[in-house]
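J.: Listed here are the chains, written in short residue letters.
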Amino acid sequence: MLEITSVSKNFGGLAAVSDVSFTVKEGEVVGLIGPNGAGKTTLLNLICGIYKPNSGSIRFEGTDITGMPSNKICKIGISRTYQIPQPFESMTALAGVLVGVLNGKKRAHMSLPDASLEASYYLEFVGLFSKRDTLARDLNLYELRMLELARALATTPKLLLLDEVMAGLNPSEASKALDMIWSAQDQFAITILWIEHVMKIIMNATQRVVVLHYGKKIAEGPPREVTSDPKIIEAYLGAKYAQH
Amino acid sequence: MVNFELRRDRIVARWRDKKTEWVIEPRYWRNSTIAITCLFILPLFLYGFPHILTMFTTANLYAAIAIPLALQLLGTGRVNFGPQLYLGVGGYTAALLNLHFGWNPAMTLMATILVCAAIALILSPTTWIAKGLYFSLITLILPLTFLDITYIWGDIFRGEVGLVGMSPLLAFKKVTWNYIAYYYLSLILMLLYLLVCDRTVRSRIGVSMAAVNENENVARMMGVRVDAYKVFFYVAPSILTGIVGWFIVHTFRTFAGVTYLPLEFMAKILIIVIIGGRAFLYGAIPGAYLISIVEDSLRRLGPVNYFVFPLILIALIVVLPRGEGLWGLYKKRRPRDYFPKLHVRRE
Chain A
18 MLEITSVSKN
28 FGGLAAVSDV
38 SFTVKEGEVV
48 GLIGPNGAGK
58 TTLLNLICGI
68 YKPNSGSIRF
78 EGTDITGMPS
88 NKICKIGISR
98 TYQIPQPFES
108 MTALAGVLVG
118 VLNGKKRAHM
128 SLPDASLEAS
138 YYLEFVGLFS
148 KRDTLARDLN
158 LYELRMLELA
168 RALATTPKLL
178 LLDEVMAGLN
188 PSEASKALDM
198 IWSAQDQFAI
208 TILWIEHVMK
218 IIMNATQRVV
228 VLHYGKKIAE
238 GPPREVTSDP
248 KIIEAYLGAK
258 YAQH
Chain B
5 MVNFELRRDR
15 IVARWRDKKT
25 EWVIEPRYWR
35 NSTIAITCLF
45 ILPLFLYGFP
55 HILTMFTTAN
65 LYAAIAIPLA
75 LQLLGTGRVN
85 FGPQLYLGVG
95 GYTAALLNLH
105 FGWNPAMTLM
115 ATILVCAAIA
125 LILSPTTWIA
135 KGLYFSLITL
145 ILPLTFLDIT
155 YIWGDIFRGE
165 VGLVGMSPLL
175 AFKKVTWNYI
185 AYYYLSLILM
195 LLYLLVCDRT
205 VRSRIGVSMA
215 AVNENENVAR
225 MMGVRVDAYK
235 VFFYVAPSIL
245 TGIVGWFIVH
255 TFRTFAGVTY
265 LPLEFMAKIL
275 IIVIIGGRAF
285 LYGAIPGAYL
295 ISIVEDSLRR
305 LGPVNYFVFP
315 LILIALIVVL
325 PRGEGLWGLY
335 KKRRPRDYFP
345 KLHVRRE
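Line order of the protein sequences matches chains A and B.
FYI, my numbering numbers position 3 of the first sequence as 20, with every residue one higher than the one before it.
FYI, my numbering numbers position 48 of the second sequence as 52, with every residue one higher than the one before it.
Isolated chain A, as found in the complex (with noise of 0.2 Å):
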């Protein structure tokens, strides 16, 4: 579905990323890890047109997008959630979806009242109806995080990029994010590219992972494989745990 072959992305002298290879397969979740700093964002920046790389490209379901721009790529099935939540903090929730709903993939037979009824089961499915004429910039951390969710699965994608979604959140939170997330997944069909920190969700949700370190692809696999592996042990905490 997402072939990314040999992209490279440099900052002035830094190299963000460099010639990093991976494919998502339709119906899979991946896991994107690596600690702070190992161009795990730029990664996703690229894929959904925000930063135009180097060299390298990036196919998606056969057509090349490379250096597209984001509405494009949102257009032809793409979409994305934010680390630091970036919620339209003066509309309201329903609005914000509904901005979704009618610039996603192009809906027949769609009128302003019919649209906001679409958004408001997206909203409804994440749980946030009681919410819909609350200003975005009055909500939680947890609820800004779930409008995201239903922002991004109102433009209909095929692929969702998910970036640090259990960042800050309490475990019955994250617990009940991962549900929401499984049950998206099941009922829109959808494949997750995913990136995490919390090792302990990525282990249980994903059937694979690619790990990046200094912007390099240093391993993929299952994560159990991967977590066992000495050089992510080494990335992650050093050469002296590698050894034990």
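There could be a bad hint or two in this list.
What the hints assert, rightly or not - Footprint (simulated), chain B over chain A, 3 or more residues, beta carbon under 8 Å:
#: 1; stretch: 33-45
#: 2; stretch: 78-88
#: 3; stretch: 107-114
Since the hints were made in silico from the structure, they are not lab data.
C-beta: ideal position from N, C-alpha, C; glycine also.
Using the hints, position chain B against chain A.
T.: Frame of chain A; chain B shown alone:
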């Protein structure tokens, strides 16, 4: 073929696979009907006071400039400090074509629209390259440059004295009738602008426009064609402002860049937007009426006027609720939002 369907509370229009609904709920129309009726019957009482009618005509025109400006602020997410540039462009286009080539008002209107659209299109990439303060500074400079041009090519533009003697839109034998007619024309122009802008803000375009105003990058990631939106909402309000210039040319029959292009005029329009309520298009009307009444009643004070007028404006900005303005006083309980609440009923 467009297919209309009338339902109990809405008109549904369908065209190919597109569908639009216009919700009509007469129970919400009371206050606006009262306000518009008041504006329409005003001349009956002011029949003998032509200067007051002229003042209100000016107020209508101020509002007709401020309403598209408010739309532009929302649609581009940037503060335009030079909306009067297009007033000048439109006015001079109409005036010069009318004086030198004898074009009638209908033809000059077409020319005004075309020239304003062309110039706005050429300048519209500023909305892509500049943000915040930089955009404001660029737009601030443009009308001042144009003002200088009217001085430099004084033989064409007559910078200081202005152009006079353009053909009028309507000419009655009785002078009072002319005042009344121009009041009504300006009122209709303003209400038309309000209707167009209001429909835009409440439509699906308005929703995406609000998203662009909030956060361009996120809006783009959600599929909004941000660049196209910004160009459209820079060009369309500019054309509307240009038409006001055309209207001034053919009603007051004089047009001088020195009246409309300097900073004072721009400040007046921006203050109307702020006092009226930044987030509401409707606020421009009470704002414009208030400003022109204050301006007109202070004029007889003489030179002191130049100190008192700004003081009153500062006082108004401080006293009125921040960002909500006069309209905020009217809609006290409602938080600032871009378009009315969308009520979704579960059935």
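J.: A separate judgement is required for each hint: does it hold in the structure or not?
T.: Hint check results:
1. 33-45: violated (count 0)
2. 78-88: holds (count 3)
3. 107-114: holds (count 6)
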